[in-house]
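Okay, here's what each chain looks like letter by letter:
Number of protein chains: 2
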Amino acid sequence: MTRIPFDLMKSTIKQAFLNAGMPEAKADICAQIHTESSRDGVYSHGLNRVERFVDYIGKGWVDVHAEPSLENSLSNIEIYNGNLGPGILNALFAMNRATEIAAKHGLGMVSLNNTTHWMRGGAYGWQAAGKGFAAICWTNTESCMPVWGGKSEAIGNNPFIMAVPRKEGHVVLDMAMSQYSYGKLQVTRLKDQKLPYPGGFDQEGNLTDNPGEIELTRRILPMGYWKGSGFAVMLDLFSALLSGGLTTAKIDKAGLGSCGSCCQVFIAIDPLRFNSGEFVEQAIADTIAQIKLSEMAEGVNEIYYPGEQSLKTRAENLKSGIPVNDGVWAKVMELATIG
Amino acid sequence: MTRIPFDLMKSTIKQAFLNAGMPEAKADICAQIHTESSRDGVYSHGLNRVERFVDYIGKGWVDVHAEPSLENSLSNIEIYNGNLGPGILNALFAMNRATEIAAKHGLGMVSLNNTTHWMRGGAYGWQAAGKGFAAICWTNTESCMPVWGGKSEAIGNNPFIMAVPRKEGHVVLDMAMSQYSYGKLQVTRLKDQKLPYPGGFDQEGNLTDNPGEIELTRRILPMGYWKGSGFAVMLDLFSALLSGGLTTAKIDKAGLGSCGSCCQVFIAIDPLRFNSGEFVEQAIADTIAQIKLSEMAEGVNEIYYPGEQSLKTRAENLKSGIPVNDGVWAKVMELATIG
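So the protein sequences, as listed, match chains A and B. Letter by letter, the first sequence follows residues 1155 to 1493 of the working numbering. Letter by letter, the second sequence follows residues 1155 to 1493 of the working numbering.
Isolated chain A (complex conformation):
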């Protein structure tokens, strides 16, 4: 397996973005986030997503020069138009603004309409936690999953993130509403393996753990069946209502690619405005201890708190280099050398 050092990956991605017309400072930040995503094991939205992002710039679906503009503010809430700027930059801006407001008011909420794909949603949870804030954020997407009871794609997989800051490692949940991503289906199929649990429906309408059959029907399973389906619908509605942006149904019609003109909500909370540092540390420590001291299930060697596996992967990839698919890496190097 080829492994690439962090700095080389970042500078290569940055050059690809510069070649696509991004201003230097923006290219640097976007390359940093894409590389961090791969570093933490979220390859699908790290290096693997660079080519598509560059393609979107070329199509005019992402405006590399656009900046978010304030549309409305209300108490500790601000609403911005993302102006189809790079989703990563808009989201970093929005979460940062939410933490600034939270520092003043305890809680800050910033919503974005008309933004573009934020890549790895967890990035903004880690961002807030890194500044000492707890955070909740989510995005809507185009239709990519059937609603519960349906066969055709009708709802988004609307990633949802919650983060709590902690000295010894932040606690970060980053989950989409589908049980598995299409990226996971593809990787599993290419290895000729089955999914650990059923991940969608085959052509007869039966649940299956065969990833190739699900790729054919495009009937991926919402996590928790009807529960993830309902949650996806609510996240979509809240995204639009809090930002004045497009629902999934309208994103489908916008014709701006995956997440083109989507909307997002960022909530930051300063836990120290609510309780003492001691209380916060103890509550988190008690919870992690209770998880870790569980009697382990058959075949399990360690129980992880949310985000812990990302930290393990991060340490491993920083030490040994970030694993890449050779074809993907060659393509990004090509994008970095043209121009």
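No incorrect hints appear here.
Straight-line C-alpha distance at most 25 Å; calculated SDA-like pairs for lysine to any residue:
{"#": "1", "chain 1": "B", "residue 1": "K1446", "chain 2": "A", "residue 2": "Y1379"}
{"#": "2", "chain 1": "A", "residue 1": "K1258", "chain 2": "B", "residue 2": "E1254"}
{"#": "3", "chain 1": "A", "residue 1": "K1305", "chain 2": "B", "residue 2": "M1450"}
{"#": "4", "chain 1": "B", "residue 1": "K1446", "chain 2": "A", "residue 2": "G1303"}
{"#": "5", "chain 1": "A", "residue 1": "K1404", "chain 2": "B", "residue 2": "E1462"}
{"#": "6", "chain 1": "B", "residue 1": "K1338", "chain 2": "A", "residue 2": "Y1351"}
{"#": "7", "chain 1": "A", "residue 1": "K1404", "chain 2": "B", "residue 2": "E1449"}
{"#": "8", "chain 1": "B", "residue 1": "K1258", "chain 2": "A", "residue 2": "S1229"}
{"#": "9", "chain 1": "B", "residue 1": "K1446", "chain 2": "A", "residue 2": "G1409"}
{"#": "10", "chain 1": "A", "residue 1": "K1305", "chain 2": "B", "residue 2": "A1439"}
{"#": "11", "chain 1": "A", "residue 1": "K1338", "chain 2": "B", "residue 2": "Y1379"}
{"#": "12", "chain 1": "A", "residue 1": "K1466", "chain 2": "A", "residue 2": "P1159"}
{"#": "13", "chain 1": "B", "residue 1": "K1180", "chain 2": "B", "residue 2": "W1483"}
{"#": "14", "chain 1": "A", "residue 1": "K1407", "chain 2": "A", "residue 2": "V1218"}
{"#": "15", "chain 1": "B", "residue 1": "K1407", "chain 2": "A", "residue 2": "G1431"}
{"#": "16", "chain 1": "B", "residue 1": "K1446", "chain 2": "A", "residue 2": "E1358"}
{"#": "17", "chain 1": "A", "residue 1": "K1258", "chain 2": "B", "residue 2": "R1251"}
{"#": "18", "chain 1": "B", "residue 1": "K1407", "chain 2": "A", "residue 2": "S1448"}
{"#": "19", "chain 1": "A", "residue 1": "K1338", "chain 2": "B", "residue 2": "Y1351"}
{"#": "20", "chain 1": "B", "residue 1": "K1348", "chain 2": "A", "residue 2": "D1363"}
{"#": "21", "chain 1": "A", "residue 1": "K1404", "chain 2": "B", "residue 2": "S1448"}
{"#": "22", "chain 1": "B", "residue 1": "K1407", "chain 2": "A", "residue 2": "Q1436"}
{"#": "23", "chain 1": "A", "residue 1": "K1404", "chain 2": "B", "residue 2": "L1426"}
{"#": "24", "chain 1": "A", "residue 1": "K1338", "chain 2": "B", "residue 2": "P1352"}
{"#": "25", "chain 1": "B", "residue 1": "K1348", "chain 2": "A", "residue 2": "Y1379"}
Derived by calculation from the structure, the hints in this document are not laboratory data.
With chain A fixed as given, assemble chain B onto it according to the hints.
Positioned in the frame of chain A, the structure of chain B alone reads:
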């Protein structure tokens, strides 16, 4: 099947609560909410929960005279001590206060520490939506589910609710973090049926759809496997950090029964402070239309938006009476006649 008219059920429950020592106005409200839960099909936390609630009063785990007291306020946030008062009354108070704050600031957040079981969490979503507010609320609970990778009960099933107001019927998601409740396992076992999908682990550590085997191991499955497990952990942490209350780990040690001294968060949003009524209606209508127009899966006759099935059950139960288990109804009538 015995069916009881709404008014008779409510007055019977109310008398049971009066006999248990509740003041009249409080008994009336609690009886209303328990009856509404059964009316909407949430039997487990409606009539079926009356006996246990009365038992908790007798044990001193619920103080029928206690009122929530303000501990802290901060911008559009208020934190109350629930003083172990009836969970329903504390939660109604908190959500109502959140809507009052939202009317002024767009968003209001009220958290409660040291409260007791709120029964059906959806009640507070319907409450907010009934006043024209969107809402998000959740509670933590005692340990009742293994964390992903564990066998022993370590995390709560922490119900999570999202609601959006809509003239033709509010959109309300009310979900616990377990795929099925213990109530559902029991009902399914008593009918000698299998669960529709695996709901937990058997004694060999295999997933099973046999409810009795799961009741034996007490290894119920988090919705979406690791996803619901992680979400439950985060909801617990946010409950405690936003309210200054007990985490699941500490509720386990409090010895005050199910949800004794738990904590809860109530967020209300006035959608009309964010967008025009027309925008809000259109966004919801588009989303529901997109769901409803899905190609239907095999054997499905109708696709529902979140909350729609509750409305159907409500209409049916108001017309024909609320179905009851004869033993449960006899017990509540007994509680209503003693005294």
